[in-house]
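Protein chains in written order, with the working numbering: chain A, 1 to 502; chain B, 1 to 676; chain C, 1 to 325.
No false leads were mixed into what you were given.
Distance condition first, Cα-Cα at most 20 Å in a straight line; then the derived DMTMM-like pairs of lysine to aspartate or glutamate:
| hint | chain 1 | residue 1 | chain 2 | residue 2 |
| --- | --- | --- | --- | --- |
| 1 | C | K244 | B | E152 |
| 2 | C | K172 | A | E459 |
| 3 | A | K384 | B | D449 |
The set of hints was computed from the structure by calculation and includes no laboratory data.
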Amino acid sequence: MTRWPLGITPHNVTIAAWSLAPVALYFSCVAFYHLKPVWLWTDFLVYVLIASMTAFFVAARRRAHLREPLTRIIQNRTAMVCLVVLAAFTAIGVLDSVHFRQPAAGAAAAGQTDRYAPEVTSVLDALMGPQHMQMETTYSAPLSLVQYEKSTVERADGVHERVFPRLKFAGVGVAAGDAHTRDIVRRVVVGALSGLLATAAVAALFLAWYAYTQASPVRATFRRVLRGEGDVPWRAMWVTLLALCMIVGVVVALADGYHVFGTDKVGKDVLYKSVKSIRTGLIIGTLTTLVMLPFAVLLGILAGYLRGWVDDVIQYVYTTLSSIPGVLLIAASVLMLQTYIHIHPELFPTEAERADLRLLFLCIILGITSWTGLCRLIRGETMKLCEADFLLAARGFGAHPLAIMLRHILPNVMHIVLISVVLDFSGLVLAEAVLSYVGVGVDPSTYSWGNMINAARLEMAREPMVWWPLLSAFVFMFVLVLAANLFADVVRDAFDPRLKRR
Amino acid sequence: MSEIVLSVNELRTWYDSARGPVPVLDGVSFDVQRGETFVLLGESGCGKSMTALSIMRLLPTQFQNNISGSVNFDGIDLLRLPEVAMRRMRGRRIAMIFQEPMTSLNPVLTVGAQIMEVLVQHSSLRGASARAEAVRLLDAAGLPAAQQRLDEYPHQLSGGMKQRVMIAIALAGKPDLLIADEPTTALDVTIQAQVLDLLKSLQKDFGMAMLMITHDLGVVAQMADHVAVMYAGEVVEQAARADFFKSPQHPYSQRLFEALPALGKRGRELSVIPGTVPLLDQAFNGCRFAPRCHRAWEACEQHAPAWVTLPAGRGLRCLLADNTWSAHAPAAPPAPPVVVHDAPTHTSGDADLLVVRELKVHFPILKGLLKRAAGYVYAVDGVSFSIASGKTLALVGESGCGKTTVGKAILQLLSPVQGQVNFAGIALNGLRGESLRKRRREFQIIFQDPFSSMNPRMMVGDIIAEGMRAQGVEKDQQKRGARIDQLLEHVGLRSDAKTRYPHEFSGGQRQRICIARALAVEPKLIVCDEPTSALDVSVQAQILNLLKQLQGQHGLSYLFITHNISVVAYLAHEVAVMYLGRIVEHGPVEQILSAPRHPYTQALLSAVPTLDQDIKRVVLRLDGDPPSPINPPQGCHFHLRCPHVHAPCRERYPDATTFGASTVRCFLYNDAPASA
Amino acid sequence: MLTYIVRRVLYAIPILIGVNLLTFILFFVVNTPDDMARLHLGGKRVSPEMVAQWKAERGYDKPMVYNAQAAGINKLTDTIFYVNSVRLFAFQFGSSDDGRDIVQDIGQRMWPSLAIAVPAFVFGLMVNISFALLLAFFRATYVDTLGTVLCVVMMSVSGLFYIIAGQYMLSKLLRLVPISGYDTGWEAIKFILLPVAIGVVSGIGSGVRWYRTLFLEEMNKDYVRTARAKGLSEYLVLFRHILKNGMIPILTGAVVVIPLLFMGALITESFFGIPGLGSYTIDAINSQDFAIVRAMVFLGSLMYILGLILTDISYTLVDPRIRLQ
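Okay, chain A solo, but in the shape it has when bound (with noise of 0.2 Å):
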């Protein structure tokens, strides 16, 4: 084996120049448009739970007991499926996390390089475009060329008249009726083949790679992917992403045109609020957990190694916490919190920065009154390690507590951390929706499906009814639950088929 002075092998080296370069571009583009880079806390959070996965990653890969499970997830069809879509409502996520301000409008022609816009935008509101800040009035239906309702609008001859207002944004120059059909099945066709074509060129890319690494003809490799043969199943995903592209690609194509879900009560496109709203999403499913992790980990480990009065005083505080009902106990908090701000408005600048806070605190309010389960597991399962001859063997030979916690305790439960991890995801997203209804969720102000299903609630009710809002927000809510569902079943079998939760 060749020695590397400080571990710097030449793979080391490649990850590293993986992971520099999104940083490098960020900042080439900061300097490039002259922009004012935002770190929201939670964007920053962002970045550590994206490292620390990385960091994990690369770890396992040297573990075999690691490795291993993961190796089995990998070659899990229904898994990598879900694995596709949940990197793409990641990338969407990730996307949406890194803020900026602009320079604001004729600020580079005045040659002030100072001024800036006061609106927040992330790269995701960069790349959609300049759609978001096209406001209707009202509501629109899907694709629609007019108004929901009617309105009362002044002819050029001066007469007044009730009728359903054509759209400021939506299908600019195109007739209704037929012309309208017709450029909707354009568009449709367009968006359809150009997300074909994309996956073709990458799919094209990864089977030289592919091939490559596999040292066999491009041909036979092709061959062997198309028959779904080898341990990876890139069929299947290779398959998921044509879908995936293909959807993004006619959503794109009549997106430029249209509301493709239409508008809200102000004229909001519905498709932007709910993409806008897997940031929100993704947060409350991994920072609750992110935080609430050191605690759950090293107190449960603390009260099952040391046991004795350290035990009492954990499990009294985690009984406490979980004997008041989960909801109550978010609830009493965040009505706190909101009084707090109400009274101290000076500490928030921003509308933003209000918002973020506000989320942050909702992800360490969940972790509170989450994390005493994990505590119990861990609790439970350094108890039944303490029984293990490998740990009577340690402390026979007299190493120190900390080291023994560490060394044999800490990795032999990682694997239950791991799954609560992800089983917790898909639940807190849900808990999301259900909290910002009841009230206690994120700042109206945010993008949340939790907020667009509130909002639905009077929608539902109006006559004829407002149904996009409510189906755009579940349908995102559906898909990106019930992959993180399988995702985690999946995980779940590989680490630890005998572990039982809910």
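Given the coordinates of chain A, work out where chains B and C should sit on it, guided by the hints.
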């Protein structure tokens, strides 16, 4: 009476894996005669239990529909039977008892309900008459107070009693064939003797045929009429019991006998079967045993041996028995030279390395709001002994007698411990913190279960290095690495093992790693807590050889905790027999094994099934189970089961009586017995 | 047995005290009564007199934990802590911000809550167990695979969707039951029907899946093999042996929520306009009525602890291994 009840022909059972079907049974054939006991013998993973489950068609789901061949029971091919008809066979014509009585009974149904269920299913008995029959069956199975037991739940019974209930359930349908899958493996040796006797007499009374599965040659010797030896999913030898024990033909059978430790083999190396049982998910070209066989030659690697029928109902699956091949076989190699172990060179330091005086470990039973001790488990209750350097003391006893607790208490891995533990002149139980931590280098432990004794998340190299790191042995990285290589080599493993994880190794190899780990800190004493009881006989021999060899080289002392008398006979210098937290007899191994004095020792030794066919041994039967250590009986702990019990035994604990080098605690030998 | 229950109850006391302290800190220390007053009176332009009056009306003008001015025992009792936290133990919840007696409100509103929660709980349990048994019986067949996939799909749908969709389908489209509201007596049934059905359906996904794993786990145990070796039919094995063992974790797991049933279902009740405790809580949260929220937090924890005690007791009743220790 030579009517064939069960005839198994070319039975093949497999499961489907990603790489194709994996046969766990590959062409198994044998016949069971009415009224006889047919034993399937083999090491773990050879397919014995699979054979039984295939006959009963109770295989796990992954084997569903993956059986071929035929199983003829009384002229009916069970494998072709529809499931409904098969159900009428199970429990009625063929009954089965399992290895683990602890888990084989339904915990939420009463004993009576579980027996009567069979009666309702297979007979016309109902209600009171079914109940009466259930009592009769429990009586027949030798369960005391059968009437009351009927309404008890399984957890209220001891392991031996549960197995009796299982037997009663099996008898309920008055079956023609009883399949017993390792029925006594989970039981203590005195209980095993009871259950084996019971099975034998019931077989006679009911006129059943019995298909018994075991890994224990002693059980075979006691029970079998016919034996079939299985290896890697095949039957490799079949013979009547007497013939088999007189002259085993297959090299594997021969080696199994030779690998057994015994008193007569002391001082020399046990012959071993190298390697381990092969995994079945590979394609076999030649003989499956060839890689481990001492008689194998080139042909064995290429030609799978066919079944050869020999006279007197014997059969063999070996090229040596095949006339077309045996001519080419090389002559049998000369018997391996008897390697005599060097007598320990360190006998000079005969000073007592470890001296234990009045060791007591009482675990409190916490109850109530303030967790007061409501009582104690008297796990160890006044144990004294000493071990000289370079010697082995075997601590023998049945499960629950406190022998493992003694080991852990000596290593200061338990609290609270009363009494004295002096190691090399220093009182260990007076030491605390750092001073105890430093001492730990000198005494180490090897555990029974090779699977839980190593952290599955650590590489073997790190596992071995752990003690060195904790004790500051070989601080230099390079030197430590070299030392680990050397240790691995020392215990017979390649040095590339250190970058692998424990799960990649077999049980025997893991035990070697554990030994290397203990040796890494250069201890003077190693507590061996049943280190071979989870291993197959052939692997056990390897480990015993290694332990003996290491003792010779390093002058190690062993405290060898075991329930296996033959291992004691082979390895130990001195023996201490424990019963319910106390040592009842203690002395040099030859003396104790050949002339035991304490009634418990006598019973224990006589309960061990022996291979010797000629000696008509008198087996002393102990009734009942050992009492609970929570509430040990007054007086001599053994008096409830003792055949020689008399008045003083019930009143006080006997004092030690010395006979030369050995001591006994029994009133039979006390000078001042009140009455005899 | 009695001493066991007494001991369990005694264990609960320190936990309730902990809950109480926690709510006190949340409601009175993190935010002072002044903050609350300002929030309720709205905005920053509130005169100190108005704040003082608001506090006086609600008794929040007392010192926190120690009243130096009062005499004797009143030094301790005439405080916010005593009046608002300690008195919870005596079920003296005081009055809400709009002056209604909370205890009386709870007494009135618990009945509609129970009317929905109890049938939903009972039917839910029955439906879940039946489906789980069905899947366990057809294990490793297409029925099982399809069933489990369906469970995951149902789990992945937000509970809100069941409510909205159910309301839309059955009330608005088919006009089978009223959209919302409540009535007393037998008339209540038609209002209860939909919420109960939705309660059952929304729990099927996770419930059936969980119970199925419990049953399958039992199926792999040794005693099942013994039962099969007796020649019992698959039906008997399932119902006599597996069901009995599998029911132990299911029943004891279900017992814990029984006391909580009367707290009602938050979302369902507020959606269907049922005047139960769930909607009471939601309304209190939305109108930021801290007195009610505090009372509900206390009640909720009390019920949960009661549930835990009942769970332990039910274990000793159902499981012979524990009963006969």
